[in-house]
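Respectively, the protein sequence lines represent chains A and B.
Quick note: to get the working numbering, add 15 to the position in the first sequence (first position is 1).
Quick note: to get the working numbering, add 14 to the position in the second sequence (first position is 1).
Just so you know, the hints here were simulated from the structure itself, not pulled from any lab data.
Hints are supplied without guarantee of correctness; some may be wrong.
PhoX-like, lysine-lysine: derived pairs with alpha carbons at most 25 angstroms apart [unchecked claim]:
#	chain 1	residue 1	chain 2	residue 2
1	B	K34	A	K49
2	A	K91	A	K123
3	A	K90	A	K199
4	A	K189	A	K200
5	B	K76	B	K34
6	B	K138	B	K93
7	B	K34	B	K93
8	A	K58	B	K93
9	B	K34	A	K58
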Amino acid sequence: MASMRDIKRRQTSVQSTGQITKAMKLVSTVKLQKARGRAENTKPYFDGMYSTVASILARSGNIKHRFLKADTENKKKAVIVITSNRGLAGGYNSNVVKLITNNPEFSKENTVIYTVGRKGQEALLRKGYTVAKDYSECVEEPIYSDAMEMSRDVLNAFAEGEIGEIYLAYTFFKNTVSHIPTIKKLLPVSVDEYELTEEEKKIPMNFEPDEEEVLDMIIPKYISSLIFGGLVEAVASENGARMQAMDSATSNAEDMIASLSLMYNRARQGSITQELTEIIAGANAI
Amino acid sequence: MADDKYFSLEIISPERTFYKGEASFVELTTSEGEVGIYKNHVPMTNVIVPGIVTIHEADGIKEAAVHSGFMVILQDSIKIMAEVAEWPDEIDENRANEAKIRAERRLKEGGAGVDMLRAEAALKRSLTRLHLVGK
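With the hints as constraints, model all of the structure from the sequences given.
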C-alpha cells in the first residue's frame, strides 16, 4: 500500500486539477451563452439567404452559370475546416478532422485545405494535407468581414480554375449538449432539396439588371453567409464541447478524490494499529 | 382602409435582424438607380448599392444606411439582405470622413497596386454614411 504521504500528495494534485477544470467549465459556460446568442442572431440572415438563393434557382429552372456547373475533371477539392485554437474540448477538434481524413473522397493529393483554428491545421498538416491558407486568428470572435475574406479567396481560386469544388467542414450546433460535425458543399451550389411552395410557383420573378448579374452578386454573398454561419456555430459548439469535457473532468476529479481519501484513511488507520501493536509488544517485552 | 397600403418590410444583416415592421413606401438605391416601392409591386430581385434606405412608416420616416446586398420584392413584402446596415446614430462621423479622404487619395494616385473598384466602393460607402449623418 502507498504511503500516507504519497496519497496525500496525489490527493492535493487531483484537487488542484479539479479546481482548474471547474474554473474552465465556468468560463466556457459564459462564453457559450454569448456565442449561442450570436448564433441565434445570425440565423435569420443565414436562413433568408438560403431560401432566397434556393428559390431563385428553383424558379429560374436551368440557368447556365459558372457557379452552378460542376467541373470535377482533374480539379482539386477545397475544404474550409473550422476547428478551434485551443484544445481541452473533448473530441471537438478531432471529430472535424476525421470528417476529412476518413473520407476517401478527400485524399491528400486532390484536396486543398483552408483552415480556421490552429488545432485542425496542425492535425491536417501532420497527416500530410496541403494547407493553402490559414485564418486561425479570427476563430475566437468571428466577424462578418472574416467570412467575406475567406469567400473571396476561395472564389478567386475557383475562378482561376485551381479548384473545382468547395466544401465547408464545421461543427453544427444543434443544442447545448449535441454538436454534430458536418461537411457541407458550398460550390457548385446545390439546393436540390428545396421545394417551392404553391404560392411561390405562381409568382414569376423578375431580375434587375438580369439573372446572371444578380447571381454573380448573390452567390459570393451566399457563400460568405454560409461561412459566417459555420464560424458562429463552430464557436458555440467549441464552447459547448469544452463545457462538457470540463464538466466530466471535474466529476472525475471528485470521484478520484473520494477514493483517494478512503485510501488515505485506511493507510492512517493501518499505521495507528501498527504503532499500537509495536508499543504493546514493547511493553510486554520489558 | 388605411391599413391596405402597408406591406411588411424586413432588413436583415448578418449580425442581427436590423429592421422589421410595416411600411407604406420605401426608397433605396439599386444598381439601376434610385427606386421607390409601394405595395403590390411586381415581384423582383434587385441588387443594392451603398445608399440610404428611407422607410415611410405609419408614424414617420426612418432612414438608415445600407451597404451592398440585395432585395427580394414580393407583392406584400420586401426582404432586404444587407451585408452592413446602420442607423444614423451608429455611424462614426470622423471615421467615415477619414475613410472618404483615404479613398479619394487612393483614387487620385491610381496606377499599379491600387484596387480601383475597391477604393471606389469605399468612397461610396463613406459618402453614404456622411450624407446620412449630415442631415
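Results for each hint:
{"no.": "1", "hint": "B:K34 with A:K49", "in the structure": "holds, 23 angstroms"}
{"no.": "2", "hint": "A:K91 with A:K123", "in the structure": "holds, 10 angstroms"}
{"no.": "3", "hint": "A:K90 with A:K199", "in the structure": "holds, 18 angstroms"}
{"no.": "4", "hint": "A:K189 with A:K200", "in the structure": "holds, 19 angstroms"}
{"no.": "5", "hint": "B:K76 with B:K34", "in the structure": "holds, 12 angstroms"}
{"no.": "6", "hint": "B:K138 with B:K93", "in the structure": "holds, 23 angstroms"}
{"no.": "7", "hint": "B:K34 with B:K93", "in the structure": "holds, 9 angstroms"}
{"no.": "8", "hint": "A:K58 with B:K93", "in the structure": "holds, 15 angstroms"}
{"no.": "9", "hint": "B:K34 with A:K58", "in the structure": "holds, 15 angstroms"}
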